[in-house]
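Heads up: the protein sequence lines correspond to chains U and W, in order. Take the first sequence: its position 11, counted from the start at 1, is 11 in this note's numbering, and no numbers get skipped. Take the second sequence: its position 141, counted from the start at 1, is 141 in this note's numbering, and no numbers get skipped.
Fair warning: there could be bad hints in the mix.
If several chains are the same, the list does not tell them apart, and a pair holds so long as it fits within one copy or across any two.
[Stated by the list, open to error] Mimicking DSS-like on lysine-lysine, the simulated pairs with C-alpha atoms at most 27 Å apart in a straight line are: (1) 26 - 89; (2) 203 - 106; (3) 203 - 152; (4) 203 - 134.
What the hints contain is simulated information worked out from the structure, not anything from laboratory work.
Protein chains: 2
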Amino acid sequence: MQGVLTVISGFSGAGKGTIVKKLVEKYTDYNLSISMTSRKPREGEREGVDYFYTDRENFEKAIADGMLIEYNEYNGNYYGTPRKYVEDKLNSGSNVLLEIEVNGAKNIKRLFPDSVIIFITPPTADELEMRLRKRGTENEETIMKRMAISAKESAEIANYDYIVVNDDLYKCVEDIRHITESAMDQPHRMTEFITGLQNQLAKYAQ
Amino acid sequence: MQGVLTVISGFSGAGKGTIVKKLVEKYTDYNLSISMTSRKPREGEREGVDYFYTDRENFEKAIADGMLIEYNEYNGNYYGTPRKYVEDKLNSGSNVLLEIEVNGAKNIKRLFPDSVIIFITPPTADELEMRLRKRGTENEETIMKRMAISAKESAEIANYDYIVVNDDLYKCVEDIRHITESAMDQPHRMTEFITGLQNQLAKYAQ
Numbered sequence: 001m002q003g004v005l006t007v008i009s010g011f012s013g014a015g016k017g018t019i020v021k022k023l024v025e026k027y028t029d030y031n032l033s034i035s036m037t038s039r040k041p042r043e044g045e046r047e048g049v050d051y052f053y054t055d056r057e058n059f060e061k062a063i064a065d066g067m068l069i070e071y072n073e074y075n076g077n078y079y080g081t082p083r084k085y086v087e088d089k090l091n092s093g094s095n096v097l098l099e100i101e102v103n104g105a106k107n108i109k110r111l112f113p114d115s116v117i118i119f120i121t122p123p124t125a126d127e128l129e130m131r132l133r134k135r136g137t138e139n140e141e142t143i144m145k146r147m148a149i150s151a152k153e154s155a156e157i158a159n160y161d162y163i164v165v166n167d168d169l170y171k172c173v174e175d176i177r178h179i180t181e182s183a184m185d186q187p188h189r190m191t192e193f194i195t196g197l198q199n200q201l202a203k204y205a206q
Numbered sequence: 001m002q003g004v005l006t007v008i009s010g011f012s013g014a015g016k017g018t019i020v021k022k023l024v025e026k027y028t029d030y031n032l033s034i035s036m037t038s039r040k041p042r043e044g045e046r047e048g049v050d051y052f053y054t055d056r057e058n059f060e061k062a063i064a065d066g067m068l069i070e071y072n073e074y075n076g077n078y079y080g081t082p083r084k085y086v087e088d089k090l091n092s093g094s095n096v097l098l099e100i101e102v103n104g105a106k107n108i109k110r111l112f113p114d115s116v117i118i119f120i121t122p123p124t125a126d127e128l129e130m131r132l133r134k135r136g137t138e139n140e141e142t143i144m145k146r147m148a149i150s151a152k153e154s155a156e157i158a159n160y161d162y163i164v165v166n167d168d169l170y171k172c173v174e175d176i177r178h179i180t181e182s183a184m185d186q187p188h189r190m191t192e193f194i195t196g197l198q199n200q201l202a203k204y205a206q
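Required output: the full structure, derived from the provided sequences and hints.
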């Protein structure tokens, strides 16, 4: 039985990173897929925890070798998802959590039609801009660039499976968890249980 | 925007009635669709609360007049869902909760492809039989007849959207609620929010 692949996506500044951190802390059945990137670590980020960091040349080699299930260039940097970890975990029946840029989500859905693709967004555009400023890691030009990218990305929202508004962090995390749990209750993930029950009931058939 | 139609179905004795009662008590946005039946009230059941009771002749008149979105004969009695209430509530954006026999669920899904059809089951067949006995309202023959019907119905489980095991009542009720809430987060139910956000972001486009 395949595990559930839950994909957390959405605008830069939506709070994806914090949400993912809370989810894996609270719900230990999520196996977090770490992305590979060619961008430099931000202050406080750690290799193998936030990302696997590499340079452009090695990233392009990974693409050529088919080691990524998706990759994407965002704001001048590569981001990609290593294939082996995701496939191994899902095939062994474990749940996987994946944080990904908007462009990559579409590819994941095509490769894993059974995955649950969730779009995270602040309640308003003003709130999104405010959060980017609060982060304090980017200059004005980069913030405006990110907002412009968000404007473009917003055309994709309706293609997601679910939209979760990140207004209250606790509620947002619980909402995502409930979406994953609901997916675990789908019949094609419960074939063993169904067959068992049908066999038990067979003796009552008249 | 259409509301969510959540359909609670499953074996006789699975605890559907208790679950529905708990759901509408706790979550007041569920509008409960009351079924019509030609069977006699069980002790403690009330007209317009548990069912609308009628006789076979009037039930057949309602069928002929197209007043039911589905009906079904189960164990010698008719059960059906009045059309107007469900359609009015959904069209006004309200959520509807509907308890239904297994045969009827398929019809509801065909008429309302967007509905969420949930199969409720005890964890085992033994547990199902025990619950039917505990109810104390049926004789041995009826219990065995109900178990035989369950054996037959079990072939349908895989066609449901979700399966919820009613082991712990509290957990079962919460699981169902989370399935409804997830459905409320689907993009086609949030078109107003999406359009609003896209409009706010448009000014940042470069």
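Looking back at the numbered hints, which does the structure fail to meet, lowest number first?
none
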